[in-house]
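One line per chain: the protein sequences are U and Z, in this order. For the first sequence, the positions run 1 to 216 when our numbering is used. For the second sequence, the positions run 1 to 216 when our numbering is used.
By construction, these hints were calculated from the structure, which means they are not laboratory data. Take these hints with a grain of salt, some might be off.
Mimicking DSSO-like on lysine-lysine, the simulated pairs with C-alpha atoms at most 27 angstroms apart in a straight line are [as the list claims (entries may be wrong)]: (1) K134(Z) x K119(U); (2) K194(U) x K211(U); (3) K134(U) x K169(U); (4) K82(Z) x K92(Z); (5) K82(Z) x K92(U); (6) K92(Z) x K92(U); (7) K211(U) x K82(U); (8) K82(Z) x K169(U); (9) K119(U) x K119(Z); (10) K194(Z) x K209(Z); (11) K169(Z) x K134(U).
All values derive from a computational prediction rather than experimental measurement.
Spelled out, the chains give:
Protein chains: 2
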Amino acid sequence: MSGLTIWTYDWVPEGPRGFVRDLRLRWACEEAGLRYAVRTIAFEDRETNHLAHQPFGQIPFLQDEEVEIFESGACLLYLARKSDTLMPRDSKGEAQTLQWTIAALNSIEMVTVPWWFLKVFGDENADLAGWMGKRLGQLERVLSEREWLAAGRFSVADLLMADVLRVSKVRAFGDRPATEAYVKRVTDRAAFKKAQAAQIGHFEAADRKRKEERPH
Amino acid sequence: MSGLTIWTYDWVPEGPRGFVRDLRLRWACEEAGLRYAVRTIAFEDRETNHLAHQPFGQIPFLQDEEVEIFESGACLLYLARKSDTLMPRDSKGEAQTLQWTIAALNSIEMVTVPWWFLKVFGDENADLAGWMGKRLGQLERVLSEREWLAAGRFSVADLLMADVLRVSKVRAFGDRPATEAYVKRVTDRAAFKKAQAAQIGHFEAADRKRKEERPH
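Given the sequences, and given the hints that come with them, work out the whole structure.
The following block contains the structure:
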């Protein structure tokens, strides 16, 4: 048994359930058959209660015996070293997995997250939407020619890219059939479904506990 | 001699010279003592002339014998495997280097680049500025307590984070003395100066050549 612990919040509102980023780590562990425990920090004072573990006040972070690591993308690359299921071991396959993992973080999410962030503030920013449309169009071209991003097989790069793309507002942006088929293909995997159900279950259980503890 | 080739543009306008992202790769090679060649694609039709090598139409990308890899962050992590100078080899040090490299790409640059992008369009976006101020403040707290991000020593995480932070508009944003000292510390390194001079020299030579070829 491994000593992996995934840290997440003790509770979140209903909206983000099924999308909180500990899901990326749960999913990777399920793909790789790595056992893990889940521990929590309090959602309420999250911006200050775990800065020693995550200096931006976010989750997830991962513990593996004496190693501790934050940033979901870094945790995924760390976990990928443990399992061929997440990353091929040949130098070409590994380089392709690495480049597409970083592309998800720095070419796609760099545009989708700020676009979504402004949208939440009611700002339908045309410049960011134009930039995002261009990037997603370039990705659509790639995905219309292959099933998986790296090395002709599923890897942690697909896990991350699909997680970035499955956000409902991003998914609804434009008509991109190859991307839509790709997101379905990746999130149809049993490991994703198991990880997502486990996360939703974790937060729903917290909800029930809160209600029970509420004074009558 | 290694077979490393860094691909960049044949020419860029004066503004971005010294900041084009092939610099990150040149700098890493200089730190690690890795020999490299520089080859170019045409700036003019850059959005379509190398999509087989870089599907977002950007540079740099790196060739290493039969391996080819794009995304500057991915190239840096790839190069880091070749040299202890770029990344410590113990599991804790490696995890710290990885997490801070990803933090530069996905927690800091994810905010600074869209903020700068909108600023170029004349949009002084207050929501993005607020978000950026928060992230840069969190980073300032970290940098006020340590000289290097990972493992108590210089690593590729510092190279990347300093390159993200040294952009003049980001540097001028707010009063962050520890961050400013950090950027100076990292960019005072001989390898940075050599790489930057080489990049500027590369583009200036292209400029002279263009002028010579211009009909009189």
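Hint check: K82(Z) vs K92(U), CA-CA at most 27 angstroms. Holds or violated? holds, 15 angstroms
Please work out if K169(Z) and K134(U) have their alpha carbons no farther apart than 27 angstroms. holds, 25 angstroms
Quickly compare the C-alpha distance for K194(U) and K211(U) to 27 angstroms and report which way the hint goes. This hinted pair holds, its Cα atoms lying about 26 angstroms apart.
What's the verdict on K194(Z) and K209(Z), does the C-alpha distance respect the 27 angstroms limit or exceed it? At roughly 22 angstroms apart (the allowed maximum being 27 angstroms), K209(Z) and K194(Z) satisfy the hint.
Satisfaction of hint between K119(Z) and K119(U), Cα-Cα up to 27 angstroms: holds, 18 angstroms
Has the given pair, K211(U) with K82(U), been kept, meaning a C-alpha gap of at most 27 angstroms? At roughly 40 angstroms apart (the allowed maximum being 27 angstroms), K82(U) and K211(U) break the hint.
Given the hinted pair K134(U) and K169(U), is their Cα-Cα distance within 27 angstroms? It holds: about 16 angstroms lies between the C-alpha atoms, which stays within 27 angstroms.
Hinted pair K82(Z) and K169(U), Cα distance within 27 angstroms: Measuring from Cα to Cα gives roughly 40 angstroms; hence the hint is violated.
Need the status of pair K134(Z), K119(U): alpha-carbon distance at most 27 angstroms? Holds, at roughly 19 angstroms.
Given the proposed pairing of K92(Z) with K92(U), does the C-alpha separation stay at or below 27 angstroms? Status holds; Cα separation ~26 angstroms.
Quick one, are K82(Z) and K92(Z) close enough, alpha carbons at most 27 angstroms? Given that 27 angstroms is the threshold and the Cα spacing comes to 18 angstroms, the pair holds.
In the structure shown, a violation is registered for the earlier hints numbered 7, 8, in ascending order.
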